[in-house]
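> Now for the letters of each chain:
2 protein chains.
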Amino acid sequence: MISLLIPAIAFAQQETAMKVRNWRAAREATLLTDYKAFLSIPNVAADTSGLKANAQWIMDRLRTNGVAQTKLLYPRTPGQAPAVFGRVDVPGATRTIALYAHYDGQPVDSTKWATGLHPFKPRLVEGSIMQGAGLLAWDVINKSVDPNWRIYARGASDDKAGVFSIIEAYAALRAIGKTPACNLIFFFEGEEEAGSDHLPEIFEQYKDLLRADAWVICDGPVHASGRHQLVHGVRGDTRIDLIVHGPRRPLHSGHYGNWIPNPAMELARLLASMKNEKGEVTIQGFYDDMLPITAMERKAIAAIPPVEKQLQQELGVRRPEREMPLSEAIALPSLNINGFAAAGVGAKSSNVIPVKAEASIDMRLVAGNDWKRQQDKVIAHIRAQGFHVTEQEPTDAERAAYDRICQVVRSGGYNAQKTPMDDPNALRIGRALDAALEQPAIRVPTLGGSLPLFMFEQILGVKPITVPIANHDNNQHAENENIRIGNLWKGIEIFASIMTGF
Amino acid sequence: MISLLIPAIAFAQQETAMKVRNWRAAREATLLTDYKAFLSIPNVAADTSGLKANAQWIMDRLRTNGVAQTKLLYPRTPGQAPAVFGRVDVPGATRTIALYAHYDGQPVDSTKWATGLHPFKPRLVEGSIMQGAGLLAWDVINKSVDPNWRIYARGASDDKAGVFSIIEAYAALRAIGKTPACNLIFFFEGEEEAGSDHLPEIFEQYKDLLRADAWVICDGPVHASGRHQLVHGVRGDTRIDLIVHGPRRPLHSGHYGNWIPNPAMELARLLASMKNEKGEVTIQGFYDDMLPITAMERKAIAAIPPVEKQLQQELGVRRPEREMPLSEAIALPSLNINGFAAAGVGAKSSNVIPVKAEASIDMRLVAGNDWKRQQDKVIAHIRAQGFHVTEQEPTDAERAAYDRICQVVRSGGYNAQKTPMDDPNALRIGRALDAALEQPAIRVPTLGGSLPLFMFEQILGVKPITVPIANHDNNQHAENENIRIGNLWKGIEIFASIMTGF
Chain A
2 MISLLIPAIA FAQQETAMKV RNWRAAREAT LLTDYKAFLS IPNVAADTSG
52 LKANAQWIMD RLRTNGVAQT KLLYPRTPGQ APAVFGRVDV PGATRTIALY
102 AHYDGQPVDS TKWATGLHPF KPRLVEGSIM QGAGLLAWDV INKSVDPNWR
152 IYARGASDDK AGVFSIIEAY AALRAIGKTP ACNLIFFFEG EEEAGSDHLP
202 EIFEQYKDLL RADAWVICDG PVHASGRHQL VHGVRGDTRI DLIVHGPRRP
252 LHSGHYGNWI PNPAMELARL LASMKNEKGE VTIQGFYDDM LPITAMERKA
302 IAAIPPVEKQ LQQELGVRRP EREMPLSEAI ALPSLNINGF AAAGVGAKSS
352 NVIPVKAEAS IDMRLVAGND WKRQQDKVIA HIRAQGFHVT EQEPTDAERA
402 AYDRICQVVR SGGYNAQKTP MDDPNALRIG RALDAALEQP AIRVPTLGGS
452 LPLFMFEQIL GVKPITVPIA NHDNNQHAEN ENIRIGNLWK GIEIFASIMT
502 GF
Chain B
2 MISLLIPAIA FAQQETAMKV RNWRAAREAT LLTDYKAFLS IPNVAADTSG
52 LKANAQWIMD RLRTNGVAQT KLLYPRTPGQ APAVFGRVDV PGATRTIALY
102 AHYDGQPVDS TKWATGLHPF KPRLVEGSIM QGAGLLAWDV INKSVDPNWR
152 IYARGASDDK AGVFSIIEAY AALRAIGKTP ACNLIFFFEG EEEAGSDHLP
202 EIFEQYKDLL RADAWVICDG PVHASGRHQL VHGVRGDTRI DLIVHGPRRP
252 LHSGHYGNWI PNPAMELARL LASMKNEKGE VTIQGFYDDM LPITAMERKA
302 IAAIPPVEKQ LQQELGVRRP EREMPLSEAI ALPSLNINGF AAAGVGAKSS
352 NVIPVKAEAS IDMRLVAGND WKRQQDKVIA HIRAQGFHVT EQEPTDAERA
402 AYDRICQVVR SGGYNAQKTP MDDPNALRIG RALDAALEQP AIRVPTLGGS
452 LPLFMFEQIL GVKPITVPIA NHDNNQHAEN ENIRIGNLWK GIEIFASIMT
502 GF
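So the sequence lines, in the order shown, correspond to chains A and B. Just remember that the numbering used here sits 1 ahead of the position in the first sequence, which is counted from 1. Just remember that the numbering used here sits 1 ahead of the position in the second sequence, which is counted from 1.
No lab work stands behind these hints: they were computed from the structure. Fair warning: this is a prediction, and the values are worked out from it, not measured in the lab. It is possible that some hints are incorrect.
Treat identical chains as interchangeable: a pair holds within one or across any two.
Below, simulated DMTMM-like cross-link-like pairs (lysine to aspartate or glutamate); rule was C-alpha separation at most 20 angstroms, straight line [what the hints assert, rightly or not]: (1) Lys-491 - Glu-439; (2) Lys-349 - Asp-110; (3) Lys-373 - Glu-392; (4) Lys-310 - Asp-397; (5) Lys-310 - Asp-404; (6) Lys-279 - Asp-404; (7) Lys-279 - Glu-309; (8) Lys-357 - Glu-315; (9) Lys-357 - Glu-278.
All chains, full assembly: derive it from the sequences and hints.
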């Protein structure tokens with residue numbers, strides 16, 4: 002009886018979803034073998050030829066799957082990784098949707114990966130390696146594939162999973178003879194993890210080629226509750242590196258200890274001055290500039306399922322840094338120590354006063370923040386702590402003139418972006434997404450993470466919408482990055498649904 | 002006229018000194034070639050076979066130079082580096098002097114050494130590489146050798162220079178036909194930089210073999226003024242490693258930043274709580290237990306030439322950590338961050354919340370301090386800052402029970418040692434040292450550095466005296482360790498003078 006109430010369009014979509022699922026089920030081993038090959042190509046910013054090899058792989062993959070119009074889009078600035086572009090025109094279609102993912106990954110330190118794993122030697126694992134799951138030989142995929150298995154490699158989830166799901170969704174539609182509802186633009190970026198510094202150049206240069214009614218961004222994880230989410234905004238991001246300088250040469254800590262100042266102690270004191278015990282950033286004006294949260298957003302935030310207890314248990318953390326739900330915390334600008342270093346620790350430590358102490362800090366920004374202004378606030382704070390601030394190595398004259406010297410290295414950055422929750426394209430994409438899911442996707446005003454989405458609005462004039470597919474515990478940006486295979490499969494179904502439902 | 006007033010013994014010593022100098026001058030290239038071979042043998046604690054190869058080299062060197070009685074002294078605990086023992090009996094001698102140096106070096110990180118340098122590929126440099134001096138080809142030594150040249154290698158100054166100078170001093174005396182004034186014991190340790198944990202076992206086991214009237218320790222640098230020094234005591238030393246634990250897996254700083262606590266920030270706050278801006282350690286009771294400084298010591302400290310301005314200029318440091326002369330600062334117990342680390346920095350940083358943050362801390366101790374008690378004070382302080390302290394990886398139950406968790410790793414340690422400034426053997430060694438110098442040696446109550454000299458007193462019943470020979474800017478314990486060749490030459494003359502003047 003109930004089935005009679007389902008509208009015809011939903012029926013059609015369910016049928017398509019089933020066919021896509023069957024198509025995938027019949028070729029899981031082939032898909033995973035191909036995905037493994039893709040993940041084996043190193044994709045870090047420092048390795049330009051690796052990035053180009055990735056772009057070429059993607060281009061070949063698009064062509065193999067019937068996307069005849071393809072092109073590598075290079076920015077004007079030479080020496081950069083290209084974006085891979087593809088286009089499918091659907092006769093009679095009145096709308097165009099653009100699908101974005103990025104193929105570059107965060108820097109890697111292979112020594113930190115678990116035994117048997119390597120960022121660019123993808124391994125199949127029975128489950129989460131952090132929970133003790135064992136490695137599997139790749140040839141087991143020829144028998145059957147468990148969706149709870151995972152693939153470990155840099156980019157496995159962030160964001161080659163996006164690239165692969167989007168292309169395979171189109172391959173599936175083509176194989177089952179289903180025409181997309183709209184024209185398709187494929188766009189795969191190669192420098193997202195390096196800050197997308199040249200994406201504006203590409204957008205400016207290829208504005209006409211990239212004209213679309215909507216842009217869907219596939220990046221980031223699904224909600225920690227396991228449910229999929231439709232994300233209407235992202236935080237902005239910027240970074241600053243601090244180097245506190247000590248004596249010109251490393252000093253024996255016995256002969257000079259407690260007489261020559263230790264830069265590690267000075268940096269520790271400086272960092273400690275930036276936050277209080279309640280996790281509030283104490284840098285002057287840090288929370289200024291924030292735009293108020295709308296009533297609709299507030300309601301959406303309240304409807305996000307609580308994941309705090311689950312996360313705290315999973316992560317082995319008893320107390321959150323801030324006494325508020327995670328979804329409220331990510332509505333604020335943040336300051337986070339990515340890492341710090343001075344001389345060696347443990348077996349690599351010596352009894353020295355280090356010559357310098359370094360920290361890398363990233364800041365997430367919300368609507369209203371400006372990334373350069375946020376950097377300026379940090380620098381003003383450093384000065385207020387009694388440091389001379391320089392953007393170069395200190396000179397002899399500076400060493401002679403100042404008690405404390407902190408060198409700062411400003412990275413680039415970008416501001417937050419938000420698409421209104423009642424935007425018609427957002428609503429349409431949300432319906433297509435829901436059609437591929439057992440439970441409707443959670444509507445999220447902003448993701449905690451960052452993407453340079455502001456430039457879609459600014460240059461292309463389109464408000465983007467984000468549809469993540471990766472498991473939430475994917476270790477993206479760190480060692481042991483992984484994708485749960487079931488999430489990759491679901492990603493294919495989702496994008497097939499969006500291509501046919503938009 | 003003045004020469005008539007010089008006592009006969011001083012005459013004889015001057016004559017010996019001149020002959021030793023001539024002997025050395027005639028064979029500088031050979032000596033340096035041999036020293037280079039010695040420095041090429043890796044001598045870090047982790048490399049047991051390297052340490053044994055060093056011991057064998059020393060043993061062979063002693064034998065080649067006529068020390069027939071030699072022996073490798075192993076502690077009872079298996080797997081340790083041996084001490085190299087040698088003995089020369091002088092007919093009719095009533096006194097025995099033991100000469101100590103160590104052949105092991107601090108851990109190395111070859112990537113931190115200057116371009117062209119490597120810890121175990123000794124290089125000859127025109128002067129200080131930090132001041133821009135250039136590398137020299139080794140074969141230039143066959144023409145002539147400038148005493149201001151330096152040799153760069155791990156152990157070049159700390160403390161293979163001691164081993165080499167002592168052995169060559171005896172070789173020189175033998176070559177010029179001069180009999181030592183006393184019986185000689187050579188003793189070269191192989192685990193000083195690892196804390197001399199098994200030296201007590203060796204002392205206990207070979208107490209009879211090691212009986213001497215005085216022990217002279219050759220280690221550490223000459224005074225920063227360039228003058229030689231006679232050192233009556235050393236600070237004790239102990240270490241503690243701190244590991245603040247964060248989330249079980251590295252987290253994306255956008256999705257979790259400012260909600261999951263960051264262990265790097267927690268460690269920064271903990272370290273910052275240990276010292277105030279005046280450089281005073283704020284750990285409760287840290288300066289308790291110190292024995293008062295004697296009037297004689299106070300007088301000696303006042304007579305030490307000021308080096309503060311010179312050091313501040315040389316090191317590029319405008320302000321000392323404590324507003325007192327260096328010689329007063331090293332009369333206090335100290336706390337120093339040897340290094341800290343969390344995830345990556347600079348090009349190696351990613352936008353993550355690290356899983357842990359580590360710091361290694363060393364503490365120097367003065368007479369009256371006990372190394373275990375000093376560690377306990379630090380641990381009590383960590384608890385007082387709200388941390389649960391464990392000596393293992395935290396368990397799931399601990400993670401669920403405590404807001405903040407700090408794992409501590411206690412290293413071994415030893416207490417300070419002091420020989421009274423009017424000790425008769427100390428006075429005798431001081432006179433023999435002065436006879437080899439243009440200016441009398443500075444009398445120093447305690448060295449800032451540490452050696453496990455307490456055990457000489459405790460087990461062997463002898464109050465040791467330290468005679469350093471290395472240039473003060475030798476970068477010991479760090480990258481670019483070096484010895485100024487003139488200091489090596491002077492070391493040979495000094496030990497020849499002590500052997501004939503004691």
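> Now tell me if each hint is right for this structure.
Hint-by-hint comparison with the structure:
no.	hint	result
1	Lys-491 - Glu-439	within (11 angstroms within a copy, 84 angstroms between copies)
2	Lys-349 - Asp-110	both (17 angstroms within a copy, 8 angstroms between copies)
3	Lys-373 - Glu-392	within (15 angstroms within a copy, 43 angstroms between copies)
4	Lys-310 - Asp-397	between (53 angstroms within a copy, 15 angstroms between copies)
5	Lys-310 - Asp-404	between (46 angstroms within a copy, 14 angstroms between copies)
6	Lys-279 - Asp-404	between (31 angstroms within a copy, 12 angstroms between copies)
7	Lys-279 - Glu-309	within (17 angstroms within a copy, 42 angstroms between copies)
8	Lys-357 - Glu-315	between (36 angstroms within a copy, 16 angstroms between copies)
9	Lys-357 - Glu-278	between (26 angstroms within a copy, 18 angstroms between copies)
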